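Q: Chain order of the listed sequences is S, P, A and E.
Under this note's numbering, think of the first position of the first sequence as 1, with each following residue one higher.
Under this note's numbering, think of the first position of the second sequence as 102, with each following residue one higher.
Under this note's numbering, think of the first position of the third sequence as 203, with each following residue one higher.
Under this note's numbering, think of the first position of the fourth sequence as 304, with each following residue one higher.
Derived from the structure by calculation, the hints contain no laboratory data.
All values derive from a computational prediction rather than experimental measurement.
Heads up, the beta-carbon is just placed ideally off N, CA and C, and yes, glycines get one too.
Be a bit skeptical, because a hint or two may be false.
[What the hints assert, rightly or not] Restraint ranges, calculated between C-beta atoms of paired labels, are given here:
#1 P:Ala129 <-> S:Gly15: 36 to 46 Å
#2 P:Asp168 <-> E:Arg399: 44 to 54 Å
#3 A:Ser301 <-> E:Gln398: 51 to 61 Å
#4 P:Asp168 <-> S:Gly15: 21 to 31 Å
#5 E:Lys330 <-> S:Gln37: 17 to 27 Å
#6 E:Lys330 <-> S:Lys88: 13 to 23 Å
[Stated by the list, open to error] Stretch-level coverage of chain S by chain E, calculated; a stretch enters the list once three of its residues show a Cβ under 8 Å from a Cβ in chain E:
#7 4-10
#8 27-39
#9 48-56
#10 59-70
#11 73-81
[Claimed, not checked] In silico lysine-lysine, DSS-like type, Cα no more than 30 Å apart, as pairs:
#12 A:Lys283 <-> E:Lys330
#13 E:Lys330 <-> A:Lys290
#14 S:Lys14 <-> A:Lys229
There are 4 protein chains.
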Amino acid sequence: MSALVEFAMFPTDKGESVSAYVSRIMKAFDEKGVEYQLTPMGTIFECDTVEEATKLIDLAYSVLEPDCNRVYTTIKMDIRKGRSGRMKQKIESIQRRLSES
Amino acid sequence: MSALVEFAMFPTDKGESVSAYVSRIMKAFDEKGVEYQLTPMGTIFECDTVEEATKLIDLAYSVLEPDCNRVYTTIKMDIRKGRSGRMKQKIESIQRRLSES
Amino acid sequence: MSALVEFAMFPTDKGESVSAYVSRIMKAFDEKGVEYQLTPMGTIFECDTVEEATKLIDLAYSVLEPDCNRVYTTIKMDIRKGRSGRMKQKIESIQRRLSES
Amino acid sequence: MSALVEFAMFPTDKGESVSAYVSRIMKAFDEKGVEYQLTPMGTIFECDTVEEATKLIDLAYSVLEPDCNRVYTTIKMDIRKGRSGRMKQKIESIQRRLSES
Chain S
1 MSALVEFAMF PTDKGESVSA YVSRIMKAFD EKGVEYQLTP MGTIFECDTV
51 EEATKLIDLA YSVLEPDCNR VYTTIKMDIR KGRSGRMKQK IESIQRRLSE
101 S
Chain P
102 MSALVEFAMF PTDKGESVSA YVSRIMKAFD EKGVEYQLTP MGTIFECDTV
152 EEATKLIDLA YSVLEPDCNR VYTTIKMDIR KGRSGRMKQK IESIQRRLSE
202 S
Chain A
203 MSALVEFAMF PTDKGESVSA YVSRIMKAFD EKGVEYQLTP MGTIFECDTV
253 EEATKLIDLA YSVLEPDCNR VYTTIKMDIR KGRSGRMKQK IESIQRRLSE
303 S
Chain E
304 MSALVEFAMF PTDKGESVSA YVSRIMKAFD EKGVEYQLTP MGTIFECDTV
354 EEATKLIDLA YSVLEPDCNR VYTTIKMDIR KGRSGRMKQK IESIQRRLSE
404 S
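Build the full structure now, drawing on both the sequences and the hints.
A: Put into structure tokens, the structure is as follows:
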């Protein structure tokens, strides 16, 4: 099973620039050995179960919690049984179709 | 602490109409005694922690998992320390300002 | 055709409380005669076309733009041909199934 | 001004695999000369105004509309005045902080 997740999480009580806070989450993921893709609008990772995926969301919040009074997060998941390695596969599938058309 | 959550979750391998699947999630929430607000675009609930909130996301997926091969979900959370009862408060706060203006 | 929209839009450079800004958007919708449902996590409205829907997003931003340096928005749309009046219908469809089960 | 957009759009009445439909949107963007980044969970692009951004959402729907009865889309925008070139900048800003920590 593959739970592909894209999420953004940031404090809304820290003014206009929040990269210092977002980078904490990336650091926590690095320390835990989570493979992720950083995009200009969020972070993408893949888990074998939904439970694992939501635990990483919990982790992300835990590193902002100590000094952030208000935090906003948007999360989307595309969950598909019988698959894995979809961080590459999904893009390749689109690109193959594009090159064929 | 208040983790206010809005989410939508539905199978994408079951054709155009998915209300039968969505209602399973509501049934699971009812059985667990979770208070929620159903909207035309999703479900809103409030938890005391982010962990509780993500566990309800896990629960929602667990009732679709048995017969859904592909499931999509979008989740947003507005997490604020030192608050509770925000399902009503947030709307009232906007409406007060509207009536004042 | 029915484009059902749920969106949240708020400045991220104005500190923790943003209801004064969000209520501006509601005021603009009221003045334009847009019917909407306010929820604790966003605003829901229905249009006959996607173009109409995205123009209301443009309108929402236009009332924040003058004094907000950074604005975040999340939007989801459920677009379905041959339908209308879905702000009520979708909820009723879920509730009917819940009462049957 | 920079309107950074991440969106996913797909039919929900076409079964489990939707890459053929998603690639149509990419083709339309290619034909229009829109620069975008394809991720496993969506498409990211940057515009100078919110109106331009929402017009590209309209375009995306227009290529699905002919044969898709139901379409779902999630969109998020991070709009910031006085900036441009943020598809690279935002990631670099996070990475700089990560390497410093």
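Q: Given the hint of 21 to 31 Å, is the C-beta distance from Asp168 (chain P) to Gly15 (chain S) inside that range or not?
A: violated (47 Å)
Q: Three residues minimum, CB to CB under 8 Å: does the stretch 59-70 of chain S make the cut for coverage by chain E? Let me know.
A: violated (count 0)
Q: Do three or more residues of the stretch 4-10 of chain S come closer than 8 Å to chain E, measuring C-beta to C-beta?
A: holds (count 4)
Q: Regarding the pair Lys283 (chain A) and Lys330 (chain E), is the alpha-carbon distance no greater than 30 Å?
A: holds (23 Å)
Q: Is the Cα-Cα distance between Lys330 (chain E) and Lys290 (chain A) 30 Å or less?
A: violated (36 Å)
Q: The stretch 73-81 of chain S covered by chain E? Criterion: 3 or more residues, Cβ-Cβ distance below 8 Å.
A: holds (count 4)
Q: With respect to the beta-carbon atoms only, verify the hint that Asp168 (chain P) and Arg399 (chain E) lie 44 to 54 Å apart.
A: This hint holds: roughly 47 Å between Cβ atoms.
Q: Using a Cβ cutoff of 8 Å, are there at least 3 residues of the stretch 27-39 of chain S near chain E, or does the coverage claim fail?
A: holds (count 5)
Q: How does the Cβ-Cβ distance of Ser301 (chain A) and Gln398 (chain E) compare with 51 to 61 Å: does it lie in that range?
A: holds (53 Å)
Q: Given the range 36 to 46 Å, decide if the beta-carbon distance of Ala129 (chain P) to Gly15 (chain S) lies inside it.
A: holds (40 Å)
Q: Against chain E, does the stretch 48-56 of chain S show at least 3 residues with beta-carbon separation below 8 Å?
A: Three-residue rule not met by the stretch 48-56 of chain S, so violated; n is 0.
Q: What's the verdict on Lys14 (chain S) and Lys229 (chain A), does the C-alpha distance respect the 30 Å limit or exceed it?
A: holds (27 Å)
Checked against the numbered hints given earlier, this structure breaks hints 4, 9, 10, 13; the rest are met.
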